[in-house]
Each structure stands twice: as C-alpha cells, then as structure tokens.
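Residue numbers (the working numbering), protein chains in the order written: chain X, 32 to 168; chain C, 32 to 168; chain D, 32 to 168; chain F, 32 to 168.
Because the hints were derived from the structure by calculation, they are not lab data. Be a bit skeptical, because a hint or two may be false.
Each pair may be met inside one copy or between any two copies, as identical chains are not told apart.
[Stated by the list, open to error] Here are the simulated PhoX-like pairs of lysine-lysine, each with C-alpha atoms no more than 20 Å apart in a straight line: (1) K121 - K101; (2) K83 - K41; (3) K121 - K98; (4) K98 - K131.
There are 4 protein chains.
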Amino acid sequence: MAKEVIYTQKVEFGDCDPARIVWFPNFFRWVDAASRHFFVECGVPHWSETEKTLGVIGTPLVDTRAKFIKTATYGDVLQIHTAIAEWRGKSFVQRYRVMKDGELIMECEEVRIFAGAREGGGIRALPIPQEIRRLCE
Amino acid sequence: MAKEVIYTQKVEFGDCDPARIVWFPNFFRWVDAASRHFFVECGVPHWSETEKTLGVIGTPLVDTRAKFIKTATYGDVLQIHTAIAEWRGKSFVQRYRVMKDGELIMECEEVRIFAGAREGGGIRALPIPQEIRRLCE
Amino acid sequence: MAKEVIYTQKVEFGDCDPARIVWFPNFFRWVDAASRHFFVECGVPHWSETEKTLGVIGTPLVDTRAKFIKTATYGDVLQIHTAIAEWRGKSFVQRYRVMKDGELIMECEEVRIFAGAREGGGIRALPIPQEIRRLCE
Amino acid sequence: MAKEVIYTQKVEFGDCDPARIVWFPNFFRWVDAASRHFFVECGVPHWSETEKTLGVIGTPLVDTRAKFIKTATYGDVLQIHTAIAEWRGKSFVQRYRVMKDGELIMECEEVRIFAGAREGGGIRALPIPQEIRRLCE
Numbered sequence: 032m033a034k035e036v037i038y039t040q041k042v043e044f045g046d047c048d049p050a051r052i053v054w055f056p057n058f059f060r061w062v063d064a065a066s067r068h069f070f071v072e073c074g075v076p077h078w079s080e081t082e083k084t085l086g087v088i089g090t091p092l093v094d095t096r097a098k099f100i101k102t103a104t105y106g107d108v109l110q111i112h113t114a115i116a117e118w119r120g121k122s123f124v125q126r127y128r129v130m131k132d133g134e135l136i137m138e139c140e141e142v143r144i145f146a147g148a149r150e151g152g153g154i155r156a157l158p159i160p161q162e163i164r165r166l167c168e
Numbered sequence: 032m033a034k035e036v037i038y039t040q041k042v043e044f045g046d047c048d049p050a051r052i053v054w055f056p057n058f059f060r061w062v063d064a065a066s067r068h069f070f071v072e073c074g075v076p077h078w079s080e081t082e083k084t085l086g087v088i089g090t091p092l093v094d095t096r097a098k099f100i101k102t103a104t105y106g107d108v109l110q111i112h113t114a115i116a117e118w119r120g121k122s123f124v125q126r127y128r129v130m131k132d133g134e135l136i137m138e139c140e141e142v143r144i145f146a147g148a149r150e151g152g153g154i155r156a157l158p159i160p161q162e163i164r165r166l167c168e
Numbered sequence: 032m033a034k035e036v037i038y039t040q041k042v043e044f045g046d047c048d049p050a051r052i053v054w055f056p057n058f059f060r061w062v063d064a065a066s067r068h069f070f071v072e073c074g075v076p077h078w079s080e081t082e083k084t085l086g087v088i089g090t091p092l093v094d095t096r097a098k099f100i101k102t103a104t105y106g107d108v109l110q111i112h113t114a115i116a117e118w119r120g121k122s123f124v125q126r127y128r129v130m131k132d133g134e135l136i137m138e139c140e141e142v143r144i145f146a147g148a149r150e151g152g153g154i155r156a157l158p159i160p161q162e163i164r165r166l167c168e
Numbered sequence: 032m033a034k035e036v037i038y039t040q041k042v043e044f045g046d047c048d049p050a051r052i053v054w055f056p057n058f059f060r061w062v063d064a065a066s067r068h069f070f071v072e073c074g075v076p077h078w079s080e081t082e083k084t085l086g087v088i089g090t091p092l093v094d095t096r097a098k099f100i101k102t103a104t105y106g107d108v109l110q111i112h113t114a115i116a117e118w119r120g121k122s123f124v125q126r127y128r129v130m131k132d133g134e135l136i137m138e139c140e141e142v143r144i145f146a147g148a149r150e151g152g153g154i155r156a157l158p159i160p161q162e163i164r165r166l167c168e
C-alpha cells in the first residue's frame, strides 16, 4: 500500500468564474500544492534544501490527465487525497482524488520528474533520488 | 478539415515559478482563453448573449489530458493552435498545440460541454447547439 | 474595539516567482479571501444567499493601498488579521495585517462597497445593509 | 516628459468572478506585466541577463495604491499606460492608467525597488542602476 496524504483546500470567491463554479485551472493549482505537501509530509526537505544536497529544484509535470466529475463553489472545503502510484527510472506517477463532502469531484493522474537546473536555463530530469523515494514509500 | 484558430500568449514574470519556468497551471489558463477565443473567432456571441438566446453560460471541462514537452519562460511568446476534433451528442473534443518559435512545447486534448445553469446552483450539460456547431465547422 | 478575524494562508511553490518570493498579486488574492472570511466568521450568509435577500452579490474594491514590508516564500504560513476600520454611507474600510512568525510582513487598507447587479451588466453600490453591519461590529 | 509605454491586455472569462467582472487581483497581475513590459520597451535586458551584469533579479513592490473606477469583463481589451513618475535613491515610482474604450477604469501608483538576491534567501534593494535609468528617461 502506498502512503496517502490528505491536503485540505478552501474554495474562495475569486477561484470561481462567471458560471459561479471553480474555474478549472484552479484545480491544477491545488493539485500542485497537494503534490508538494505530499513530499513535505513524507519528510522530504524544502526544494531550496534539496537543490543544495541533491540538485533537485522541484518536480515539474511531464504529462497529466484529469476528470472533472462534479463542480464546487466558494465556501466548499475540499480534501485532496494524494499518493505515488508508480516509480519509474526518471519519473513517477502521482495520483489525486479531490473529495467534497465525502464525494469524489475530480481525479487526476500525473507523470512528474525530479528536475535539476540545466546550464544556460531550463531544466533536466534527474534519476529518482533513492533517499526521497524511501521517505515516500 | 476542421477550422483552426491561433491564440497568441505572452509569458510574463509572474507566470513563472522559482524554477524560472512557466508554472504549469498557467498553461491551462491560456488553453481556456484559447478555447473561448476559438468560439469568438468563429462568430459565436459572448456567453452573456448565448445565456439569453440558448441558455449556454460557458463550456466547462469534463476531461483533459496534456503533455508538457518543453518549458517556456518570461519573454517567450506562444501560439496556441486550437480546433474542435470531434462533436458528440452532449460534448465535444477540443485540441490545442502550444508552439514556441515553431516548436511544439505542450499539447492538450479536452472534452467540454455546453453548460446551462441548473436550478438551485451548479450546471448541467445541454445538447450541442446546432447554430454554434455550424459556425465552428 | 472592532471585531478582528484571523485567516490562515499557506504559501505554495506556485505562489512564488523566479525571485523565489511571493509574487505580490497573490497577496491580494489572499486579502480578498480574508475579507470574505471575515464576513463568514461574523455570521453573514454566503453571497448567493444575500443576493436573494438583500441584492448583495459581493464586496468589490473601490480603492486600496498596501505596504510590502518583508518577503515570504513557499512553506511559510501567514496569518491575516482582518477588521473593519470604518463604516460609511455606501462604503466601508477594511484593514489587514499579514503576519509571519509574529512579524508584520504586509499591511493593506481597502475601501469596499456592497454591490448589487445593475441592469444590463456591471454592478452598483448599495447602501450599507444594517443587518450585515450589526453582525460585523 | 517621462517616457510612456502602452501594454495591451485582453480580459478573459477566467479573469472574472461570480459577479461577472474582473476579479481585482488580476489587475495587479496585469499592472506587473505592464511594469516589466515598460523596461523591455525601453531596451532594458531580461532580468536573467541583468542578474549576471548588475545583480538585478527583478523590481518587487514596496508600496502600492490603486483606485478602481469602472469594471471590466471578458471580451474587453484594456490599454495600460505606464510611466516612471519619480526616481529616488534606492526606489522609483511607477504609474499606471488602465483604459477601456478611451475611459480610465483603474489607476495605480507603486513604489518599486531594483532587487538583488540576499545571501541565505530573500532579497535586498540595490541603488538605482544608472544604465537602466538612462534607458527609461
């Protein structure tokens, strides 16, 4: 069984659009926060630390797919259940289930990498740091 | 051949994160703008108009998948090539190719609906309005 | 003494810019959330409720001034102390002190109105609803 | 007479809130883009360049005041007129007038600094680089 971490997110007025529901890019903002929160809860240091020790500056996305099942609006409180579903050589699969009042309203599966800075700007994929993987399993 | 519309987006400082590249939820903000821009360019009226004539308040997402191929940073200018790949009974598939200097850096495929307001809050899927479909083909 | 309500905000990776500090427009996103949260904590119903009972659809800004004293970065937790400093005929002054580890890092003072929808789009200022004012004093 | 640069900004669906008008923090996103655009148009290199040559990583805010005069909604196109109103020893005042269809809808005046990275994280104010000032006058 993979570790699961729950991230709580309040929905605010400004997160909603003229149709009065969450504007969908905001779900990705929250999923990204849930992703980092997962590592923090597993004991992985702040990226500004890992940059010095492992060269890791963050975990950017390679690929994502998401399903929007029900809407949410301001005043709602969401729980984002997060786990790592698969470890690969230079990437990993992170999964999210966004719940509102016990119901699944959005789900998302991403492929991410551990990124290092590349000479001259941009980023490159690093091999999965084993000390990070051990903390997250 | 489906109609294709190009939306131009400048990348700004605040669109980038501490890794100095576009923070990925911003790509979804821009893809959503390109989606609406597609309808505008095809001659579909503003949603505040279609709300009165057709009950359509917008085109929310049901499903999305996206691939992040190369990064972008502030100062870059992106072209988002947008088309409708498929029309279904109560939904449609919209496709985006985000280009930088002639290179594909992100692609995205979404299932969207034409939404009407539902009594008591929230939204519901409407059958594809044929007058809108005719403008977009 | 005016009522004071505290809103807690975590700073996330995507809230920060290439200088690795909070990109300042995000402070206004949080201040806006703190504003609404203030009313919720005082017992004012959701704007979708007040729209039906009082015609109030929200509390948009007329005027703001803010001072940025210290920076914050992801991993920080902020407390936003919020109060209403003054009630006027058709507007009110809302004050915010954003604290990090007990230190003031940003302060903001806004003039806001209670807005109703205007025929044909846009908004208009309503007289301060006395039932709302009573809850907030 | 100070140099003036105009930045054009389209308002999108997702920039608007449930009251169907621009959610105000978005004005600050655009003002920030107009600020950087001003320097770019004056011939100042990209901050990633000035970081190497002058140690300047950006121009964060110290202080801002803004007035919201009229609303805007999606489909609107805004022109942001930008100029530097005053140069001080370690800061400068930047002014913005946001126009819609020839009418002033928002104005903003900011104090900003030229920031360098500080040892151990955070930023510090640098003396105004004279080569930048000359380009902008």
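Check your understanding: Checking K121 and K101: alpha-carbon separation at most 20 Å within a copy, between copies, both or neither?
Key -> between (34 Å within a copy, 16 Å between copies)
Check your understanding: Should K98 paired with K131 be assigned to within, between, both, or neither, using CA atoms and 20 Å as the limit?
Key -> So K98 and K131 pass the 20 Å test inside one copy only (15 Å; across, 28 Å).
Practice item. Check K121 against K98 for me: Cα-Cα at most 20 Å, and say if that holds within a copy, between copies, both or neither. Key: Answer is between: at 16 Å across copies they meet the 20 Å cutoff, but 26 Å inside does not.
**Study point:** Up to 20 Å CA-CA - K41 versus K83, copy category
**Key:** This pair counts as neither: shortest intra-copy Cα distance 33 Å, inter-copy 24 Å.
In this structure, only the earlier hint numbered 2 is contradicted, and the remaining ones agree with it.
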